[in-house]
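Student: Single-letter residue listing:
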Amino acid sequence: MRIATNTIHDTVVRQIQLLGTQTSKLQTQVATGQRILSADEDPAASARVLNHQSELRRVDQFDENAARAIEISQATFAGLRDVKEISDRATELATLGRAPSGPEALGAYSAEVNQLIEQLLQVGNTRLGNDYLFAGTAVDAPAYSATRDANGNVTAVTYDGNNSLASIPLSEVASVAPGSNPDTNLAIRDLLNQLVSLRDALASNDGAALATAQSSLINGENVLVTALAANGAVQTRIEVNRAQQQGRGDSIVELLGRETNVDLPDAIVRLNQAQLAYQAALQSSASIMKISLLDYIR
Amino acid sequence: MSGLFTTLNSTTMALNAHSRAIETSGRNLANVNNPNYARQRVLYGDRGTVETAQGVQSFGLEVLAVQQMRDQLLDRQLLREIGLSGSFEAQEQALQRAQAGLGQAISASGTATGGLAASLDQFFNAFQSLAARPTDMGTREALLQQARILTDTMRETDTRLAQVQTDLGTEITADVSEVNRLISTIAELNTQIGRFEVNRPGVAVDLRDQRQARLEELAAILPVNVTDLGNGQISLSVKDAGNADIVLLNGETVNGSVAFTGTGLTGGSPATAIALSSGAIHGALAVRDGAVQTLRDSLDTFAEQLVTAVNAAYNPSSTAGADFFDPAGLTAATISLESGLTGATLVTGSSGAAGDNSIAIAVAQLATRSFSTGSGDLIDGTLGQFYSRSVSDLAQALSTATARAEDQDKIQQLVRNQRDTVSGVSLDEEMADLVKFQRAFQASSRVFSIVDDLLETIVTQLGR
Numbered sequence: 001m002r003i004a005t006n007t008i009h010d011t012v013v014r015q016i017q018l019l020g021t022q023t024s025k026l027q028t029q030v031a032t033g034q035r036i037l038s039a040d041e042d043p044a045a046s047a048r049v050l051n052h053q054s055e056l057r058r059v060d061q062f063d064e065n066a067a068r069a070i071e072i073s074q075a076t077f078a079g080l081r082d083v084k085e086i087s088d089r090a091t092e093l094a095t096l097g098r099a100p101s102g103p104e105a106l107g108a109y110s111a112e113v114n115q116l117i118e119q120l121l122q123v124g125n126t127r128l129g130n131d132y133l134f135a136g137t138a139v140d141a142p143a144y145s146a147t148r149d150a151n152g153n154v155t156a157v158t159y160d161g162n163n164s165l166a167s168i169p170l171s172e173v174a175s176v177a178p179g180s181n182p183d184t185n186l187a188i189r190d191l192l193n194q195l196v197s198l199r200d201a202l203a204s205n206d207g208a209a210l211a212t213a214q215s216s217l218i219n220g221e222n223v224l225v226t227a228l229a230a231n232g233a234v235q236t237r238i239e240v241n242r243a244q245q246q247g248r249g250d251s252i253v254e255l256l257g258r259e260t261n262v263d264l265p266d267a268i269v270r271l272n273q274a275q276l277a278y279q280a281a282l283q284s285s286a287s288i289m290k291i292s293l294l295d296y297i298r
Numbered sequence: 001m002s003g004l005f006t007t008l009n010s011t012t013m014a015l016n017a018h019s020r021a022i023e024t025s026g027r028n029l030a031n032v033n034n035p036n037y038a039r040q041r042v043l044y045g046d047r048g049t050v051e052t053a054q055g056v057q058s059f060g061l062e063v064l065a066v067q068q069m070r071d072q073l074l075d076r077q078l079l080r081e082i083g084l085s086g087s088f089e090a091q092e093q094a095l096q097r098a099q100a101g102l103g104q105a106i107s108a109s110g111t112a113t114g115g116l117a118a119s120l121d122q123f124f125n126a127f128q129s130l131a132a133r134p135t136d137m138g139t140r141e142a143l144l145q146q147a148r149i150l151t152d153t154m155r156e157t158d159t160r161l162a163q164v165q166t167d168l169g170t171e172i173t174a175d176v177s178e179v180n181r182l183i184s185t186i187a188e189l190n191t192q193i194g195r196f197e198v199n200r201p202g203v204a205v206d207l208r209d210q211r212q213a214r215l216e217e218l219a220a221i222l223p224v225n226v227t228d229l230g231n232g233q234i235s236l237s238v239k240d241a242g243n244a245d246i247v248l249l250n251g252e253t254v255n256g257s258v259a260f261t262g263t264g265l266t267g268g269s270p271a272t273a274i275a276l277s278s279g280a281i282h283g284a285l286a287v288r289d290g291a292v293q294t295l296r297d298s299l300d301t302f303a304e305q306l307v308t309a310v311n312a313a314y315n316p317s318s319t320a321g322a323d324f325f326d327p328a329g330l331t332a333a334t335i336s337l338e339s340g341l342t343g344a345t346l347v348t349g350s351s352g353a354a355g356d357n358s359i360a361i362a363v364a365q366l367a368t369r370s371f372s373t374g375s376g377d378l379i380d381g382t383l384g385q386f387y388s389r390s391v392s393d394l395a396q397a398l399s400t401a402t403a404r405a406e407d408q409d410k411i412q413q414l415v416r417n418q419r420d421t422v423s424g425v426s427l428d429e430e431m432a433d434l435v436k437f438q439r440a441f442q443a444s445s446r447v448f449s450i451v452d453d454l455l456e457t458i459v460t461q462l463g464r
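Each protein sequence line maps, in turn, to chains H and F. For the first sequence, position 40 (counting from the first letter as 1) is numbered 40 according to the UniProt record's numbering, and the numbering increases by one without interruption. For the second sequence, position 277 (counting from the first letter as 1) is numbered 277 according to the UniProt record's numbering, and the numbering increases by one without interruption.
Check the hints yourself; a few may be wrong.
[As the list claims (entries may be wrong)] Output of the computed footprint for chain H on chain F, the stretches with three or more beta carbons under 8 Å from beta carbons of chain H: (1) 131-145; (2) 375-387; (3) 393-406; (4) 422-433.
Source of the hints: derived by calculation from the structure; they are not laboratory data. Heads up, the beta-carbon is just placed ideally off N, CA and C, and yes, glycines get one too.
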């Protein structure tokens, strides 16, 4: 078969271009560690990569949600713990008040209870950032407001929050309400009012009223203990969910890697092969193209 | 006496013939790198013989013709293959531009930003953040920022894809001008070939080379059927939808002009719609009105589903002016946020309580909601899946076009190589011919010299 000179040159150039393209592609793969850089290189894998990345971004967001839920939960726990301590001290004072005591001691107990009322009011209106922790979802206003007498002493407390509880999504199917639940919020209001009754009973040395206040305090304590336990359970649940999501994230990263990562040893071997072929093509074409019959005739 | 002069005369003719052969080899060598050139060969022959008293005598060797080595079948096959290559290459280039316009890079990083996929995720994640911090102004502003990034990305993507379509339309218009110019050039070449070959068919070899080159240029844009009219001239035609011929050129006469209607081509006189099957115009039109338009339609559907679903979750009571997205902007080109929406007016819950995050959660959950056309939705699957399918579809179209262009290039190269085995110039072959003709010329010169010596002997030595 006749071979035209142009055919030889064209073939050589095409082969060198082909090998150059292969070398360049493999070099890019080795340099970036990625098998695919544009969607057309593997359309099906590209769609999977986009879906994996989307899921991973979601998992990252759920982790941020979990971190926020932990913040709220821990702040709520700290508040409830303070409430419980106040409740415990009030119960002690009620017990002390019921024991035979002089008017001075009762007056001192009453003054201490009055301080506990102010302290509890402050705890009840605790804020995390801009949000009132014990106000349900009406977080933009203090949860508890007090009515005071002419001396500035609290005479009654009302709950100004609502009975809703906000949940935070921890995954596509799970969410958690890390805040204080409506029953607890109302129990804090009741505790405040019980402390007002206790203070007044101590001040007036009203034995019957003292007994009622003491009993109410003990009953109310159960709600606080339950709330603290529930909060602990919520924190555990958040941590477990967070660990699950982190595990899920690790799995997605692995899947993503399988789709996009280049098999480095394989790519390096193929790059060396392509480079060798490229050099051989250049060498052979140089020797083919520079000789002709012209070199042998005079 | 008369024999020597006859020999002298025939030797002169042989020298002329060898000179012509050397000249032809020289021309072949000069065109060794010209892909449109078909090598030429001199055809030697006797003008005739005559019966004399000394027997049959030849009139001498001469060049009867310079023959162009062309295989018309291979030329036509190459035209067809060039047309297909033109179509696939145009499709590949247009789809590469569309893919670039889409701006969806594939990254190994799980937190890669950029592209519509990341914008969509970040938009829904911003609602998740809002659900976790409904009263935080920073989170609210960040959400609005992400929403604007999403709408801007969609609008920019649609604009870029629309620009790709406009550019393709402009290219087709330019291609059509080129087609008309080439047809006119071929008509002129037909005229010149016709004049040259009135008495000697096939001698206008250089003009035929030029015409073949123009035909190959034309085939890459708009493949035509070539018919030999027998006088050295050709006619060009294309097919209409009913497979009937539309004559574009008949010998020297251009029959109307090819025009772009915006959706297709017309040609001939009267102007008739051309059924395109290959060529760059076919490829560009196929992508402009096919894959790119499909992608834009998908983005519009995506935008409408996003707007309606988000608004339904954000404004469940359908209160006028209380939507998240402008309900009038239902396409990728027009999607925008409801006017007057600010961080302060952003609604997070239905109860009005500051910490109510029910609406934020409802919107955030749309990220994983599986829509169904069977239930009256506009898409099937999640919004993210729909988008990644659209990306994958475009990528598949590009991958297919690239593979077909590569395959077609190999086929075209194969046919071109086959043609070159007939028409291409071989340096070694021409050098061998050159030596052969040189030797023949030297031999004829020697004969001439010997005859001259003999004549000298006769003229100066005889009769002394």
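Student: For every hint, state whether the structure bears it out.
Tutor: Here is what the structure says about each hint:
Given as covered by chain H, the segment 131-145 of chain F passes the check, having 6 residues with a CB less than 8 Å from a CB of that chain where 3 are the minimum. By the rule of at least three residues with a Cβ nearer than 8 Å to a Cβ of chain H, the coverage given for the segment 375-387 of chain F holds, with 3 such residues. Residues of the segment 393-406 of chain F with a Cβ under 8 Å from some Cβ of chain H number 7, which satisfies the need for three, so the listed coverage holds. For the segment 422-433 of chain F, the stated coverage by chain H holds: 10 residues have a C-beta nearer than 8 Å to a C-beta of that chain, and at least 3 were required.
Taken one by one, the earlier hints all hold for this structure without exception.
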